[in-house]
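Residues in the sequence shown are numbered from 1 upward in steps of one, following this note's numbering.
Possibly wrong hints are sitting among the right ones.
[To be verified] Simulated crosslink set (DSS-like; lysine-lysine; CA at most 27 Å straight-line): (1) 71 - 372; (2) 266 - 285; (3) 418 - 146; (4) 285 - 206; (5) 266 - 418; (6) 146 - 206.
Just so you know, these hints were derived from the structure itself, not from any lab.
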Amino acid sequence: MTRFHTSGVARSATRAELSRRGFLGAVGGGLAVTTLAACGSGGSSSSGGGSEVVFMNQSRGQAVALAGLAKEYTKQTGVKIRIDDVGPADFLTKLQSSSQARNMPDLYSAVDAQSMAPFYKAGWAMDLTSQMKAGWEDTFRPATLKTTTFVADNPHGVKPGIYSAHWETPALGIFASSAKWKAAGLDPDQPPTTMGEFIEQLQKIKKSGTGAFWFASSLANQLLQTYASNYLTDDEINATFTGKSSWKSEGWRKTMQLLVDLRDAKVISTGALPSGNGDNTNVEKAFFNTQGVAAIFDGTAAVGVARATAPNFTDFRSFALPKADDATQTSRLVAGAAKGAAVNPRSKNAAKALKFLQWLTAPAQQQVFAQKVPLIPSARAVSEKDIPQQLAGIAAETSDVQLVPNAMALQVVAALQKGAQAIMLKERTVDQLLGDLDAAQKSV
1 MTRFHTSGVA RSATRAELSR RGFLGAVGGG LAVTTLAACG SGGSSSSGGG
51 SEVVFMNQSR GQAVALAGLA KEYTKQTGVK IRIDDVGPAD FLTKLQSSSQ
101 ARNMPDLYSA VDAQSMAPFY KAGWAMDLTS QMKAGWEDTF RPATLKTTTF
151 VADNPHGVKP GIYSAHWETP ALGIFASSAK WKAAGLDPDQ PPTTMGEFIE
201 QLQKIKKSGT GAFWFASSLA NQLLQTYASN YLTDDEINAT FTGKSSWKSE
251 GWRKTMQLLV DLRDAKVIST GALPSGNGDN TNVEKAFFNT QGVAAIFDGT
301 AAVGVARATA PNFTDFRSFA LPKADDATQT SRLVAGAAKG AAVNPRSKNA
351 AKALKFLQWL TAPAQQQVFA QKVPLIPSAR AVSEKDIPQQ LAGIAAETSD
401 VQLVPNAMAL QVVAALQKGA QAIMLKERTV DQLLGDLDAA QKSV
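Assemble the whole structure, with the sequences as input and the hints as a guide.
Given below as structure tokens:
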């Protein structure tokens, strides 16, 4: 079975991450649940419906590509599309304000399930299930549909259905500098297959005089969830997230040992993890801009960041987090469905907005996104040659990713991110961290 995971990513990132990219964001949906449900539950007044179809866009990185495609659609159909580029920092706030004022756009960016659930529950998104079953679903990789489908008894309380269509398949993995691999006598086109091999390579790179490996505290939970798949099934990971299983299991103990192994091998750049707002931005700058570190753990959206902030640095590769040397399961990526859109069913332009979204997610348009943003498309018909070389390594592994219906509780995320840093600084042991996580789980 193809496996995908979205909700763990959705709930576990910080709001600072949401302000940078929808895939890694979303803690702020909870406050909106009551207000949106209240304002959207009564009446049938519509919003939108002007002479042009309005798309409220959350992504800065995709704005140029989206604008170009909108112009092409107008040229082909005569339907004018206006892109309202709100940007990630203000997107949810403006969308909530629009819903309360009943002035919602005709369609809008759909980010993570946690953030979108209040809008879906309030009736601001068209259920696309019937359109998908009528043939639209053939466009997408099955895993993309799996992750964007709200099933019965889903943890968000959304009525079963499909409320968004996505043109991106994101994932998290390793990005490695080709030049620094070569300087250490290593072949960047032959990625390590095991964590032991990876650590040995990082040690060689460190001896060559550069920072070896870095990742942000805010991504520690995604890195460790990825590594946990070496020892735990998706059901076992989910059972831990829901409090049915203890964090003190052997699988999680082996997972957390990775932090100790990286620390003791002295391959963590600066010897500590960056933390606080903008911690992952600092990691990306160290890799893409100053090129002071050879490898980082990050999401695939990082390639778009690199293209925008360090366009001259293109000689790097990506690969999945290497498997554990003693793995008992197939290692699986933490991934999901990223950029996409939802249609406002109350808009007089709903039919036009739906046709535009169907056109936007067709393989030809996804190919444009893949080349210009760049990203890993969700359309199965897009050729691998259209995926940028820097994303090819991670893209090759997106057929085997996690499908975990529930997410790490925010209290657990906070304890894990803090504990990962404490282990790096030798302030906590693995057993102490696991105890902290159990305590945090009980407080949920």
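Keeping to a limit of 27 Å between CA atoms, is the pair of residue 418 and residue 146 held or broken? 32 Å, violated
Is the straight-line distance between the alpha-carbon of residue 146 and that of residue 206 27 Å or less? With Cα atoms ~41 Å apart, residue 146 and residue 206 exceed 27 Å; violated.
Does the structure keep residue 285 and residue 206 at a Cα separation of 27 Å or less? Distance of about 19 Å is within 27 Å: holds.
Does the structure keep residue 266 and residue 285 at a Cα separation of 27 Å or less? 21 Å, holds
Distance restraint between residue 266 and residue 418, which requires alpha-carbon spacing of 27 Å or less: The hint holds at about 19 Å.
Is the straight-line distance between the alpha-carbon of residue 71 and that of residue 372 27 Å or less? This hinted pair holds, its Cα atoms lying about 15 Å apart.
In the structure shown, a violation is registered for the earlier hints numbered 3, 6, in ascending order.
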